[in-house]
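2 protein chains.
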Amino acid sequence: MDTATRIDIDSLRINGDRLWASLMELAKIGATPKGGVCRLTLTDLDKQGRDLVIGWAKDAGLTITIDKIGNGFMRRAGRNNALAPIITGSHIDTQPTGGKFDGNYGVLAGIEVVRTLNDHGIETEAPIEVAFWTNEEGSRFVPVMMGSGVFAKAFTLEHAYAATDTEGKTVKDELARIGYIGEQEPGDHPIGAYFETHIEQGPVLEDNDKTIGVVQGVLGIRWFDCTVTGMEAHAGPTPMALRKDALQVATHLMQDVVASALRHPPHGRGTVGMVQVFPNSRNVIPGRVKFSIDLRNATDALVDEMAGEVKACAARLSAQTGLAIHIELVSSYSAIGFHPDCVDAVARAAARLGYSNMHAVSGAGHDAVYMAQLAPSGMIFIPCKDGISHNEIEDAKPEHITAGCNVLLHAMLERAGV
Amino acid sequence: MDTATRIDIDSLRINGDRLWASLMELAKIGATPKGGVCRLTLTDLDKQGRDLVIGWAKDAGLTITIDKIGNGFMRRAGRNNALAPIITGSHIDTQPTGGKFDGNYGVLAGIEVVRTLNDHGIETEAPIEVAFWTNEEGSRFVPVMMGSGVFAKAFTLEHAYAATDTEGKTVKDELARIGYIGEQEPGDHPIGAYFETHIEQGPVLEDNDKTIGVVQGVLGIRWFDCTVTGMEAHAGPTPMALRKDALQVATHLMQDVVASALRHPPHGRGTVGMVQVFPNSRNVIPGRVKFSIDLRNATDALVDEMAGEVKACAARLSAQTGLAIHIELVSSYSAIGFHPDCVDAVARAAARLGYSNMHAVSGAGHDAVYMAQLAPSGMIFIPCKDGISHNEIEDAKPEHITAGCNVLLHAMLERAGV
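Chains as they are written, first to last, in the working numbering: chain A, 30 to 447; chain B, 30 to 447.
Among the hints, erroneous ones may be present.
It does not matter which identical chain is used: a pair holds within one copy or between any two.
What the hints assert, rightly or not - Straight-line distance between alpha carbons at most 20 Å, and here's what the computed SDA-like set of lysine to any residue pairs gives: (1) K273 x A288; (2) K198 x P295; (3) K63 x G316; (4) K273 x G107; (5) K76 x N110; (6) K414 x G316; (7) K76 x M53; (8) K340 x A288; (9) K414 x A270; (10) K340 x R311; (11) K319 x P427; (12) K63 x P308; (13) K273 x A192; (14) K319 x Q284; (15) K319 x P308.
Note that these hints are calculated values from the structure, not bench results.
Fair warning: this is a prediction, and the values are worked out from it, not measured in the lab.
Chain A extracted, bound-state conformation:
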């Protein structure tokens, strides 16, 4: 690469208006009255969304491969097509009350990178691909991150195919119905490096007034179900001393879930999101309370330490009160540190482009978590309004959308070689 070319590359910018227009166009499919999007995976609307994106990819000269779980790879050839492609992607399925940006931004940012390279006739050394992963959201079919999970062999294709929605429809039948069962075996697809651009889905960038989050990794997660068993009794005739109030005991443990996170800063997170009280009647002392515990931290050791503390608190409370407390592990996701080469590529691109930036961690799962098991991977976060996501009012600023895509462009070019 001579000096003239390098200067051209350094000054290269994506077309923010075009990217924004594509986001708004895709958001029409499944648009909700409150400004959000409901485009559940493997529905007719999902098919329309996939078809639209693939149409854009074809217009941009990309070649399309669909694998057996419906993941799509849209490829721009490089100079040396024996090299593994540098891939970016995300998902275009949404939550039932989802927004315009979650996932969709990551896919369309990839399309915009390709369009920009086309505009300037830039050829990369390695091929570049834009991927969309099937059923990241998991709101119609579990598990979440299904397409990337099958790709990474976290679970089998058959397991994913057999998943049913609330009407009993299977993933396999619905994939076939919308015409998105491809030929390729999931995972039979080399990856040179993987980048994913995403709204932060949290308030940290906004709170710190930064444009770009250089994502270091994804927090480890432990999900538990906790059940406290007391004895239901009539609220009137039962004196305080003779009660076995399951809710009162539960409140202390719920508080310790938060306390354990506060004891392990800066990334410790503890949440009780779901509570069921039995029999849930105004004048009956709760006989049983079931609630969820969600613990997260930057390393598995830290999150396991938090879990140990919460269990110790439960044991203390049980001994003090005589009420049984049962804690059961529901799911566990290991902490992921993204590859230094990819993290550094993102950091360098943000610095070179002059965007304010900071280290970030992802508290939520993304398809990039599975890709990190297969190849050097990294993520780019941009702020979203009030940190709100999975909500029709999810919003992001056009200048941030543009900035994140410019960082993606330069990080990919660094890895792909020009």
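Chain A is already provided as a structure; the job is to place chain B on it using the hints.
Okay, now just chain B, sitting in the frame of chain A:
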């Protein structure tokens, strides 16, 4: 009354086997597989229960009056029928998963008193009546204690008639359908004194190993709905410091509800029985939590003091956290002290009969609460197994059933005069 007669009266006892047999016979109507009874008010089963009891009353020579809300009065004439009758009663409707004794015992104990007087040819000075009140339980139609409430003019007949069940059927239509709209205006019925025999529905008598509870009064009740409003957010990407977790704030207030009861012994009671978390999702920080508060104590001043403390705690929590806390009064029932003459009549009868006994308070509402507004009233409690009621496993010992009825007999005779 000469000495010989007095000795006869003092040694008079009800027939416990006959009372038990009647309880078991009535419990067949609406019997559930687990040994309970489901005989909701104004259903076909309720009609069958009413018909059975009235049949027994007619066999015992009683005359029947039904009022416009379906309350029944079964009268045994006295020597002086210008005197207001001494009435005992309760209800024969049950909870959906009710037991054999709640309410039913109070009515059939009255029938057994009459049968015993008949057996021995004893004539009372004042007439004696046995009442059954419509819809005490309130589980099909609200408000609870409907028949006695209309009788005491706590609300109007029209209000009660208009109440609908979940299928939209009205009290008036259902009363007419089962043939229990009578001629008498509710309340147009004199009461000399009122006694109600009931299982305790709490664990205090059993815990103290006493046979008879001499009920001093009924606790005042305040019901509130409390709503804590925070901001829902994704449990992963939202650091602890930037959260507005409605559940965590709510847990502190839930604990203060219990603490306020403990600060006001011996009769202070505080219960959070019902909790709804929004959106109630494992990985979403709760944005809103709604819960019930049930406060009770022996005087209105005490229960209002407890309510003031809980509200002050809510204001403190709201100031500390910035989260809005809204507390709304849903229902209020004044504390009732039963009439000393009736309380003493119960205490004297228990002592004379040699039953272990103690002062008791009723934490739950009963038809006697409304009667206490109209005439000297009192209640007799007997233990129930583990204090459990409103449950199919509700149980009481035959010897306690017998003892409570003997106390009723002697308390009524003291008030009616022999």
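Now the hints, each set against the structure:
no.: 1; hint: K273 x A288; result: between (24 Å within a copy, 15 Å between copies)
no.: 2; hint: K198 x P295; result: neither (43 Å within a copy, 58 Å between copies)
no.: 3; hint: K63 x G316; result: between (40 Å within a copy, 19 Å between copies)
no.: 4; hint: K273 x G107; result: neither (69 Å within a copy, 49 Å between copies)
no.: 5; hint: K76 x N110; result: neither (30 Å within a copy, 86 Å between copies)
no.: 6; hint: K414 x G316; result: between (41 Å within a copy, 17 Å between copies)
no.: 7; hint: K76 x M53; result: within (17 Å within a copy, 65 Å between copies)
no.: 8; hint: K340 x A288; result: within (13 Å within a copy, 25 Å between copies)
no.: 9; hint: K414 x A270; result: between (49 Å within a copy, 17 Å between copies)
no.: 10; hint: K340 x R311; result: between (30 Å within a copy, 18 Å between copies)
no.: 11; hint: K319 x P427; result: neither (43 Å within a copy, 38 Å between copies)
no.: 12; hint: K63 x P308; result: between (35 Å within a copy, 18 Å between copies)
no.: 13; hint: K273 x A192; result: neither (40 Å within a copy, 35 Å between copies)
no.: 14; hint: K319 x Q284; result: both (15 Å within a copy, 17 Å between copies)
no.: 15; hint: K319 x P308; result: both (11 Å within a copy, 16 Å between copies)
Of the numbered hints given earlier, the model fails hints 2, 4, 5, 11, 13; all others are met.
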